[in-house]
Amino acid sequence: MTSTTASGGNVPEPAGTTTVPRDADGVSRTRSPQTLPRGRAVFSLPRGRAVFSLPRGRAVFSLPRGRAMPPEQWATHHAFVLRALAVLVAAVPVYALLRGHGPATAALSTAPLLALTLLARTTLLRRSTRAAAAALALMAVAAVGVQLSGGQTEAHFLFFALLPLAALYAARAPFLLAVGFVAVHHFVLGSLLPHAVFQHDVAPLPMASLHAAFVLLESWACLAAWRRFDDRRELVEQLVAERTAELSAQRDELARLAAVVQCTDDAVATLSPDGRITSWNPGAERLYGWAAGEIVGRHMSVLTGDGESPADLTALSGSMAPVERRHRRRDGSEFDALVTFSTIHHEDGTLTGVAGIARDITGRKRAEAEARAAARQLEEQAGELARLALHDPLTGLANRTLLADRLEHALADRRARRHAVLLVDLDDFKAVNDECGHEAGDAVLTAVARRLESVVRPADTVARLGGDEFVVLMEDVEGRRDVVAVAERLLGALREPVAFGDERFTVGGSVGVALTGATDRRGMDDLLRDADLAMYVAKSGGKNRVRVFERGMREEVTAQDELVRDLRAAVTNGELRVLYQPQVDLRTGVVTGVEALARWQSPSRGLVEPAGFIPVAETSGVVDAIDDWVIGEACRQLRAWDDAGLPALGVAVNVSARRLGTGDLAVALAAAARDAGVDPARLEIEVPEAVAAGPDAAAGIREVRALGVRVAIDDFGTGSSSLSRLQDLPLDRLKIDTTSVALLAADAAAGSLADAVIALGNSLGLQVVAEGVEEPGQLAALRALGCDTAQGHLFGSPVPADAVTALLRDGRVLTAVA
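Going by my numbering, 799 is the number at position 678 of the sequence shown; the sequence numbering is gapless.
Note that these hints are calculated values from the structure, not bench results.
Nothing here was measured: the structure is a model prediction, and the numbers come from that model.
Glycine included, C-beta positions come from ideal geometry on N, C-alpha and C.
Treat each hint with caution, since some may be false.
[To be verified] Label-pair restraints from in silico Cβ distances:
(1) ARG642 - ALA924: 58 to 64 Å
(2) ARG779 - ARG497: 47 to 53 Å
(3) LYS486 - GLN359: 52 to 58 Å
(4) GLY622 - ARG643: 40 to 46 Å
(5) GLY907 - GLY622: 29 to 35 Å
(6) GLU363 - ALA212: 43 to 49 Å
(7) GLY638 - ALA880: 58 to 64 Å
(8) ARG643 - GLY504: 54 to 60 Å
(9) ASP800 - ASP923: 19 to 25 Å
(10) ALA370 - ARG407: 51 to 57 Å
(11) ARG419 - GLU445: 21 to 27 Å
With the sequences and hints as input, model every part of the structure.
This is the structure in structure tokens:
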């Protein structure tokens, strides 16, 4: 590479040297070295004119400051200088001998040169020191050559030849040291030993001045070339640095893009304008199953179904919006792909290829479909939840929330219209659950709901509050008579049997009615409370009744509460009494047992029959304490009769459905028998038919029977028990209810309900007891049917224990039987 001088001549430029740009004050700026690409030009200079020129009208006398040369470049220049020194130092002794000098002179002349050369080769020294030693060695070689030649003028040209080598370091110190050496050699040594420096017998000063002029001229040429080289190198390096940075950024960007393409799971491929695949990334290999070596060069139609690929890639422009296509894998399976095409153009705008990105969206589309289905399901569930929030889940009727909303709207215009709230509570519904389980109970509740809806008007609201309680809201009613008529129809619908499997259940109901008035200020809770109070009075009056709320009912309920309170006190205060009714063997006329019947001797109410307090005791829970007291009293009386030496009797005790379901009846019986010292086998419990047939009572009956206590089904024939249930229970006796006995006649007993019960008992091996025998004709009919035992007023009313004692002491057969 050459640089153009001001005169248009070419001056050699040290290869690979580096300059530093200077600021306005001439201070150098350090720049990192750049490596130029090999084998091609990175940039080109403008042709036809000088790129660099010296300022016109003045000479450049200032010595360039230079910059630190890159280590590799400096090492290259220094190695060249050392090789040159090696050749020159080796040539000095040869030249000395050729000039006729002796070996000693040759050795002495070579020694300092060799020392300086070795010093320049020492790597322990700094670069500047080694460069200075090399510059001194170069000039010393020229000086020794001049001396050995005897000062010949031709030998002085060696200075001119070696001085530019000192300029290769592009540093001040070596160059100035070389120029200084020449000056000292010519002026000082030329003055002291003129014949060692100059050949002519002339004054040393003119010859030194002439040589100095030549040296200065050469130095000026080196300095000018050096200055131009520095300036040119600065620009070149700046251009190279900018271009290198640009190429490096592009290379980094391409490397990042390549890394992304190689690492992405998306399929990335490039196509020729005719649709043939030219590149194929690993993501495409994983997605389609084709290796790059297998697919490159093939047409893109191998990846798509018919009509799924663009017909003409040359028609594409820019980047297309993503489109969904059906693509095909190598194994033939198809999938949904989201494809984006982007065209690749040459600088002149011609299409050179197309880049395509494909992504498998089968999972996404499936997830979207599932999300849409889930959204629809959630919407349906939201609707269902909204329905459930306002409706009873079992019956589909309105619940308390919806009833409150509709009742609130109805009460808003109570001044203009009258409304009625009917509270319906099912009678004996618990027996259905106990007998056949909650599944049967749910079926009954659902059937009741449909029947209630069928009776009322379409505008009326039927709601279920919970359990077996229903509410009917009748808006805009005419009066009390219309509402009571609807309530009677409701009860009529409830009395129809409900079928469940092979069973048929008949449940009644009690209805309480609350009517609004123009001056009525009651809210929903008040109306429901009053309707509930009316329903409670209806149920207490014998069930299957309708009662309309009246203000006096609160006094009735208050009286009922007082009755419960007094009844609780009666158990603890000893106000209860036990009367015993004899049970007679119809074959012998002998009293074989008694039934213990509770009576309440109240200080304020007098003698209260069971019908006057047992229902209240059952609803209030006091019946548990009454049952335990009667069982204990019966056991103590058995013990008293035994101690009196009377014949052994059995005692039958009635237990409530509630008591049997608690699960501790067997414990109470065992404790009472143990405390009294009697055999539990002499005890008998009487259980209503409907209760005994329930699943919850079966376990309690088995526990009682395991003690030896006998079990009798009371009022048999009034319930709905089946033969299979009777066979599964450990029973001892069946008791015909008083209603069936009352229908008997001496000459028409066959085919009666009593006849059927007696026949059933005989087939099951159970004794049959008839209750309520009051006439001789009934007795004759029972004896004719083969009944085992009977009780009733014909044989004796319930009497205190003393009367039974007297009867047993007589030991006679009852007259009615004899």
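These are the hints, each one checked on the structure:
1. ARG642 - ALA924: 58 to 64 Å: 60 Å Cβ-Cβ, so the 58 to 64 Å window holds.
2. ARG779 - ARG497: 47 to 53 Å: For ARG779 and ARG497 the Cβ distance comes to about 50 Å; the hint holds.
3. LYS486 - GLN359: 52 to 58 Å: holds (56 Å)
4. GLY622 - ARG643: 40 to 46 Å: 44 Å Cβ-Cβ, so the 40 to 46 Å window holds.
5. GLY907 - GLY622: 29 to 35 Å: Given a distance of about 34 Å, which is inside 29 to 35 Å, the answer is holds.
6. GLU363 - ALA212: 43 to 49 Å: Given about 47 Å between the Cβ atoms, the range holds.
7. GLY638 - ALA880: 58 to 64 Å: The hinted range 58 to 64 Å holds for GLY638 and ALA880, with Cβ atoms some 59 Å apart.
8. ARG643 - GLY504: 54 to 60 Å: violated (34 Å)
9. ASP800 - ASP923: 19 to 25 Å: Check passed, 23 Å falls within 19 to 25 Å.
10. ALA370 - ARG407: 51 to 57 Å: With a Cβ separation near 31 Å, ALA370 and ARG407 fall outside 51 to 57 Å, so the hint is violated.
11. ARG419 - GLU445: 21 to 27 Å: holds (23 Å)
Hints 8 and 10 from the list above are not met by this structure, while the remaining hints are.
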